[in-house]
Amino acid sequence: MSSALRLSDVAVTGDTGRRLLRVPSLDVTPGTSLGIRGPSGAGKSTLLFAVAGLLSRVSGGVFWAETDICAMTAEQRAAFRARHMGLIFQDFLLFEELSALDNATLPAQFAPKSGRAQIRAAAQDHLTALGLHDLDRPVASFSGGERQRVAIARALANDPGILLADEPTASLHRDAADRLIDDLVASQAAARRTLIAVSHDPALLDRMDRVLTVTDGQITDDSGA
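Residues 8 to 232, numbered by the working numbering, are exactly what the sequence shown covers, in order.
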C-alpha cells in the first residue's frame, strides 16, 4: 500500500551551510506518479534524496503518511526504506560478479527470515515479467537495458509502496529507455505505488500524473497537481 507524502518547511543545506533546496509545502496523494525535472544542479536529486531519507542536513518535516522521517536517526531511516521503499539509480548499483537473480534477491538478505523466501520468489517473478530469462548469468555480460531491469526487479522484490528513481533512463538508448518507461509505469499502476522519478527524459515525464519543475533549489512549476 502506498503512502501519502507531505513536505512542510523543508530546507536542505550543504556542508558549507549553503542552502541547496527549500520546499515550503508539497502534498502528493498515494498512488501518484510524480516526475521531477529541471536543469542540472537545480536540486532535483536533492529533493528525491530528501524524501528518501538519504540526507542528514534536512530541516522541517518529510512525512510519509504520519511518519516524519526527519525525526528519525540514520538507522531508523534505513529500516524505513527497507520496509517501504524501492530505489532505482542511474548507475544500476549491481554486483557485476553476481547473477541477475542474486542481484535482484539482495533485499532478502536484510529481511526477517520468515519473509526471505517470499522476496526471492517475487524477485524471480519480476525478472521474468521484465523479459529476463537467463537469470543465472553474471550481470557483467548484460546490456545497459538488461541491467536496469535487474535493478527494477530488485527495487520491487519486497513489494514497496514507494518507488523512487533517479534518472532511470539516462544511460539507455531510446528503445531500451522506452521499454523501461513502460515497465516502470506498468508496475506503478498495477500495485498503485507512489512513484517519484527525477528525469530529463520527456518521454518519461509525459507518462507521469504530475510533474514538478525545480529551479535554483525551489519548485517553480507544478503541472497536473
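Heads up, some of the hints might be wrong.
To be verified - Calculated pairs, DMTMM-like style, for lysine to aspartate or glutamate (alpha carbon to alpha carbon, straight line, at most 25 Å):
(1) Lys-120 x Asp-109
(2) Lys-120 x Asp-166
(3) Lys-120 x Asp-132
(4) Lys-120 x Glu-153
(5) Lys-120 x Glu-82
If you're looking for bench data, these hints aren't it; they were derived computationally from the structure.
Hint check against the structure, violated hint numbers in rising order | 4
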